[in-house]
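Starting from the structure of chain V, add chain E where the hints point.
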Amino acid sequence: MELRKSYFADQRKDGLHEIGQPRPRLDSPGHVTGKTAYFADRNFPGMLHLKMVRSPHHHARIRSIDTSEAEKHPGVVKILTAKDVPHNVYTILILIQVGPEDETVLADGKVRWKGEAVVAVLAETERAAQEAAAKVKVDYEVLPAVFDMEEALKPGAPLVNEYHGQNYYLYDSGECRKVRFGDVEAGFAEADHILEQSYQSSPIEHAPTETTGCVVMPEGNDRFTCYTNTQAMFFTLDNTSIILQMPGSKLHFVGGTVGGGFGGKVDVIVEPIAILGAKLTGRPVSFIYSREEEMQISSPRAAEKVVIKDGVMNDGRIVARQVTGYTDAGAYSRHSPYGAQKGAAHYPGPYTIPNVWIDTYCVYTNRTPSSAMRGFGVTIGDFALEVQMDKLARLIGMDPLEFRFINAYRDGDTKAHRQPTEGAALIECMQEASRAANWPVAEKYMAMSSYKKGA
Amino acid sequence: MAIRRGRGVAAINYPTGMNLGGDPTQALVHSTPTGNFMVTLSSVDLGQGLKQIMAQICAETIGVPTDRVTIDTADTDTGPHCMGTFASRGTHRAGNAVIQAAKEARQVMLEVAAEELEVNASDLETDGQGNILVKGAPQKSISIFDVALSAHFKRGRSISGRGMFLIPRSYPEKETGAMKPSTCYAHACTVVEVEVDDETGEVTVLTVKNVFEIGRALNPKMVEQQLVGGSWMGISHALYETTEPYYPNRDHGGTDFNQYLMPGPGDLAQTEIIVLERPSADGPYGAKGPGEMCANPQIPAVANAVFDAVGVRIDTLPITPERILRALKAQAAN
Chain V
1 MELRKSYFAD
11 QRKDGLHEIG
21 QPRPRLDSPG
31 HVTGKTAYFA
41 DRNFPGMLHL
51 KMVRSPHHHA
61 RIRSIDTSEA
71 EKHPGVVKIL
81 TAKDVPHNVY
91 TILILIQVGP
101 EDETVLADGK
111 VRWKGEAVVA
121 VLAETERAAQ
131 EAAAKVKVDY
141 EVLPAVFDME
151 EALKPGAPLV
161 NEYHGQNYYL
171 YDSGECRKVR
181 FGDVEAGFAE
191 ADHILEQSYQ
201 SSPIEHAPTE
211 TTGCVVMPEG
221 NDRFTCYTNT
231 QAMFFTLDNT
241 SIILQMPGSK
251 LHFVGGTVGG
261 GFGGKVDVIV
271 EPIAILGAKL
281 TGRPVSFIYS
291 REEEMQISSP
301 RAAEKVVIKD
311 GVMNDGRIVA
321 RQVTGYTDAG
331 AYSRHSPYGA
341 QKGAAHYPGP
351 YTIPNVWIDT
361 YCVYTNRTPS
371 SAMRGFGVTI
381 GDFALEVQMD
391 KLARLIGMDP
401 LEFRFINAYR
411 DGDTKAHRQP
421 TEGAALIECM
431 QEASRAANWP
441 VAEKYMAMSS
451 YKKGA
Chain E
1001 MAIRRGRGVA
1011 AINYPTGMNL
1021 GGDPTQALVH
1031 STPTGNFMVT
1041 LSSVDLGQGL
1051 KQIMAQICAE
1061 TIGVPTDRVT
1071 IDTADTDTGP
1081 HCMGTFASRG
1091 THRAGNAVIQ
1101 AAKEARQVML
1111 EVAAEELEVN
1121 ASDLETDGQG
1131 NILVKGAPQK
1141 SISIFDVALS
1151 AHFKRGRSIS
1161 GRGMFLIPRS
1171 YPEKETGAMK
1181 PSTCYAHACT
1191 VVEVEVDDET
1201 GEVTVLTVKN
1211 VFEIGRALNP
1221 KMVEQQLVGG
1231 SWMGISHALY
1241 ETTEPYYPNR
1251 DHGGTDFNQY
1261 LMPGPGDLAQ
1271 TEIIVLERPS
1281 ADGPYGAKGP
1291 GEMCANPQIP
1301 AVANAVFDAV
1311 GVRIDTLPIT
1321 PERILRALKA
1331 QAAN
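Chains as they are written, first to last, in our numbering: chain V, 1 to 455; chain E, 1001 to 1334.
Take every hint as true, because none was put in to throw you off.
Far from chain V by the CB rule (all over 12 Å, computed), these chain E residues: (1) Arg1004; (2) Glu1115; (3) Ala1121; (4) Asp1123; (5) Ser1141; (6) Leu1149; (7) His1152; (8) Phe1153; (9) Gly1156; (10) Asp1197; (11) Leu1268.
Pairs of lysine-lysine, DSS-like flavour, derived with a Cα cap of 25 Å: (12) Lys1221(E) <-> Lys35(V); (13) Lys1221(E) <-> Lys13(V); (14) Lys309(V) <-> Lys1174(E); (15) Lys13(V) <-> Lys1135(E); (16) Lys391(V) <-> Lys1329(E); (17) Lys5(V) <-> Lys1221(E); (18) Lys13(V) <-> Lys1103(E); (19) Lys1154(E) <-> Lys1140(E); (20) Lys178(V) <-> Lys1180(E).
These aren't lab readings, by the way, just hints derived from the structure by calculation.
All C-beta atoms in this analysis are idealised placements derived from N, C-alpha and C, irrespective of residue type, glycine included.
Chain V on its own, in the form it takes in the complex (with noise of 0.2 Å):
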């Protein structure tokens, strides 16, 4: 790595004792020779192990469940279902008054993606739990499901979430989230060349080295410690509450060493059900993700449909852009709604362009529910729009480096959402990458800057 110490040197106080030093990294010895504690690594007398009941449907409703069998299993302690749950209806993203409640903790009448938990067992060991969870028995009747998101949109599709009412997320907006900028229409109208295109992703894993769980303990004193690897210790906690109807000053949390998130470890899953079997059987309890469900439970990041249309002129210059995205949330909302709307912020990329339209979707499938990860909202969105700029520069025959150049954002630019363009700087990222791959560029791209407006 290298740092290039000559661009914006104006700006910046070095010479610090402590910042911009390489110190090393305290916990690294600690990391490298296997002495730092995870979550996991606590291990208590008497401590019981949960699985899951897990729905082989993607979309069912649920006649009866039979627990009889696997309650005799040896090592069975307790069997949860949707009525052992005090608040068994929630989403997570109520604490900051984006709902409405939609998803369930164990279902309760109804599965709506193959994979969603149905009854919790808790036995002795791990193994126990599962021959015992494979002794459930789950009567369903199977209903049509949908996977793909304009077969979601359309008329007649089947409904995937009723607490929603419709396949698509409701903003104060209406069916999307918009962003109006300048006149788009009149924009395509002045453009030498229009060029629509479309750009899919597909659901990726966080993959993290160490899987998603929890460690609980009931103290004496009718609290609960969690021992977590969660993201965000409040968040969860204060969701885990209001699931449990457990005043918070009953819960305990301990995390904060983690073993990889990327935004895998913000849903608040595993805490509120080991807590709820903590509290039920007076034992600690360890409910600890397999690889298997690490990949095919625990939330991807979504698939993106993005739809980019654009006016360019022979010049160089983009004239207006329409952008329709399309989240697939899966079945439940958990962060969607945000990073769909995240996608509404981020477009059109950092290109001022006085023409713009956006409408981003957030649509519910029964498919895995997904959720946050790493560059949620935009590395689907920066992919579409970057193949896209690549697309536009070759129509006009126009070097993709300089094309960038002349659309490039710079200070005091006003973006789409209507804010000033402060501390720009994808000139010099560009100038410093025309130099680092010998990708030479025209000397007045060169002589462009962030802050000095004009070439």
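Same frame as chain V, now just chain E:
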């Protein structure tokens, strides 16, 4: 049939912190009797090194070496509220809270030192090595060790401080989308060179040159570990990863690392990282959040390089050999 070379570029920006703000983080700082400093937080270290960065920020602000600072975090019985470690917010939000808390503690520390030295607190400065000096007369000084002892046992003062950082929440205007998503943005430009085997569809990333603008490299070695890791993750996202290979079909999802593929050590591209620093107006010592940004530009850069190599556009992620071969077949048929 041949191995074909191509080159692609992408340029991006990325917001620091939760979209639309409204995401608080608090910090508390206090000294021990012998002048070590405790920072109490509830922020989570995901492995990226948040604790180390908070220690360096506190040390710089108080004026002591980093090894005099201990981070006590992520215990809800002791740590004040942090919204969480996500949205490229840890360094920016928690760092600002730590600075505010450390400044308050530093002020008490200087007041106690001023009483001991019989000068005004405003005439004092720290040397970063654990001493407090009179400006312009550095021979007149006192160690922070002695100041802490005095505060605890003689003067009855608590060398401590409270810190809070919150960007007020912005609500998008319904019809126009007018809003304030973020206060600062990190930037990147990435150039990728690939080889594509037009017989097998296999893509080899030869080089990836990343230029990242991150506000301020608070600890350059840790910046490097995060940016190199992010660059690898971006390439993996572009070419390898999905839990649903035939999305929207739900079948064929991987359940372990034998089925869910990522590039291994033998597949690593020659990686170059160049860092620019344009300090953000509201960042701790100018820092922005590059944690998410650094994994994004490689994806479109790889896609553009594949087109440059073999002349087919793969507009669906991941860019698998199967998709490339199908596109080449369709191209040949036209």
